[in-house]
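Let the sequences and hints guide you as you build the complete structure.
If you read the protein sequences in the order shown, they are chains A and B.
Note that my numbering has the first sequence beginning at 11, numbered continuously upward.
Note that my numbering has the second sequence beginning at 151, numbered continuously upward.
Since the hints were derived computationally from the structure, they do not count as laboratory data.
You can trust all of the hints, since none of them are fake.
Below, a list of computed lysine to any residue pairs in the SDA-like style, where the Cα atoms sit at most 25 Å apart:
#1 B:162 - A:135
#2 B:152 - A:117
#3 B:152 - A:173
#4 B:152 - A:111
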Amino acid sequence: MSQQAEPTDCARPGPGSAPPTGPTDGALVEVSNVEKVFRRGSEEIHVLQGLDLRVARGEFLALMGPSGSGKSTLLNLIGGLDRPTSGAVRVAAERIDRLSDRRLAAWRARHVGLVFQFYNLLPVLTAERNVELPLLLTSLSKARRRRHVAVALGVVGLAHRTRHYPRQLSGGEQQRVGIARALVTDPTLLLCDEPTGDLDRKSGDEILNLLQRLNREYGKTIIMVTHDPHASARASRIVHLDKGQLSAEQPA
Amino acid sequence: MKFLALIAANLKRKKLRTLLTILSILVAFILYGYLSAISRALNQGVSVAGADRLMVRHKVSIAQPLPASYAGRIARVPGVQAVTHASWFGGIYQDPKNFFAQMAVVPEAWLAMYPEFLLPADQREAWRRTRTGVVVGRKTAQKFGWKIGDRIPLQATVWRKMDGSSGWEFDLVGIYDGAEKGTDDTQFFFRYDYFDEARQFGKGLVGWYIVRVQDPAAAAAVAQRIDDEFANSPWETKAETEGAFLRGWAKQIGDITTIMAAILSAVFFTILLVAGNTMAQSVRERTDEIGVLKALGFTNAQVLALVLAESCLLAGLGGTLGMGIAWLLISSGDPTRGALPIFFFPTANLLLGFGLILALGLAAGILPAAQAMRLRIAEALRR
Ligand SMILES: Nc1ncnc2c1ncn2[C@@H]1O[C@H](COP(=O)(O)OP(=O)(O)OP(=O)(O)O)[C@@H](O)[C@H]1O
Ligand SMILES: [Mg+2]
Chain A
11 MSQQAEPTDC ARPGPGSAPP TGPTDGALVE VSNVEKVFRR GSEEIHVLQG
61 LDLRVARGEF LALMGPSGSG KSTLLNLIGG LDRPTSGAVR VAAERIDRLS
111 DRRLAAWRAR HVGLVFQFYN LLPVLTAERN VELPLLLTSL SKARRRRHVA
161 VALGVVGLAH RTRHYPRQLS GGEQQRVGIA RALVTDPTLL LCDEPTGDLD
211 RKSGDEILNL LQRLNREYGK TIIMVTHDPH ASARASRIVH LDKGQLSAEQ
261 PA
Chain B
151 MKFLALIAAN LKRKKLRTLL TILSILVAFI LYGYLSAISR ALNQGVSVAG
201 ADRLMVRHKV SIAQPLPASY AGRIARVPGV QAVTHASWFG GIYQDPKNFF
251 AQMAVVPEAW LAMYPEFLLP ADQREAWRRT RTGVVVGRKT AQKFGWKIGD
301 RIPLQATVWR KMDGSSGWEF DLVGIYDGAE KGTDDTQFFF RYDYFDEARQ
351 FGKGLVGWYI VRVQDPAAAA AVAQRIDDEF ANSPWETKAE TEGAFLRGWA
401 KQIGDITTIM AAILSAVFFT ILLVAGNTMA QSVRERTDEI GVLKALGFTN
451 AQVLALVLAE SCLLAGLGGT LGMGIAWLLI SSGDPTRGAL PIFFFPTANL
501 LLGFGLILAL GLAAGILPAA QAMRLRIAEA LRR
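In structure tokens, the structure reads:
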């Protein structure tokens, strides 16, 4: 999948769609010796301690671990939503932890698609307006934005729900809108924090099928936090986070 | 402009709250517009006053008359170019509420002294020929539906006629227009010769003199010379520029401008608190959404601008509507039905109003916007 400034139609599977597993040209994501300390008053919480992680282009990684182990914290560091206390975070060879706030925001808009457990759609906007949000930060014309939105909603199978507000959609449908929003800019990286955590098994499976298809057909690199072994089974690799450290595990 | 839908959608989040805030801003700006017009009306004389005109009145009060014989003596004072006089009539047309100024004047001299009263040549001529002729401003003529040729009866409150009656009749021979928007076109001018001959008492007296000086810069010196001329006479005078005279008049009514500014400041401060509170509350309620926007790549500056734009839109909707309603109300007429002859929404105040709208929007939005800007994504998303 290309990494260009302008999003391209994500419905078009790139010619050499990346293979489902295995690094190609080195790691896409490289987390080196990262520490993250939160301060709550005088108390210091060491969440990540000298953590290393490499994610290859085209991988579908499941990140597991007990509650409070720091999975979301790690995902935030990779997505440029937060900065490590020390250590380096590289994505596509760029030290994102060193970017200024403004450049980091631009970097996120271009390279990261985020999917949240509780969808986090704006309740005041329709599905298509929600999906359009990240495109407002590009220089695309209205007509082209509309086309990209239609394609993204088509990919997640919601072409018929474009004018609905989030409250008029089921949880599974809302999450698919969330995924369309994450996809619409054709980001380098898709980060999903418990994307099925709030869904029943059937809707959850649909979401997992969708993510798997995005990984396999469109070559999207995905990092997914989950508690659910059923979900992590879809990934190409699983890592466990516990006591600030990672341990690897082969897919079931 | 592509962000407008997002900003507007946020205003629709809680429709009632948005509506109430807009209403409060709207009311504030109706008040603002109305008070602007009133203030302008009370100060209008001062701003249109001729710099080269002096008012000469009795030293004690404008209500005390002066002898008509002063005209020749004033005309001889060095620096005086022209002189004429006027006398207040104070009659009632049908109902005391129908107020408009009525004065006995010398037609040609009067029109020469006040070139801002525009009267067609044929009507001037008719006035010269008709002893009972009267010339009124366009506004008053329209208000009462008067046409040239009409006979207009006034009930005198002071000036009885020779036969002891107080009913006066005048023949409408002309309708004047104001040269500028600020010119008073509500007045009623009739001939002094008719007035002086027909009245029962006070003959040979006039209300006040109006003097045109040769050099406006020397107006104060000329005024002093006129007062000196009549010092120690039974009718001592007080000469002052028209502007000073009218300012003194405005002072008597009370310093409306100060009162207006005080009321407006209080109202604006209250509205600012209301709107600011609404914005702050609305931003607090969507901390997570702002976190999402930032996560999607909106910069701090963009988030700041979005919140400010929202609060400016709120102020803009309420303020523009409010000033629009004020404009309509003002255009429909003076609330006192006559006491404020010049009643309009001054352009300068209209522009200032838009400035105030912007200031209100920014002031109400700045704290919540800064709060949104500083919001840390990771923390916002944990909630
Ligand atoms: N902004 C913060 N301030 C203080 N402490 C924080 C902050 N963010 C995270 N923590 C702490 O860091 C630890 C890890 O939090 P994190 O949200 O990453 O866990 P998690 O693995 O995602 O948990 P869960 O499975 O419940 O989502 C927790 O103890 C949490 O309380
Ligand atoms: Mg978490």
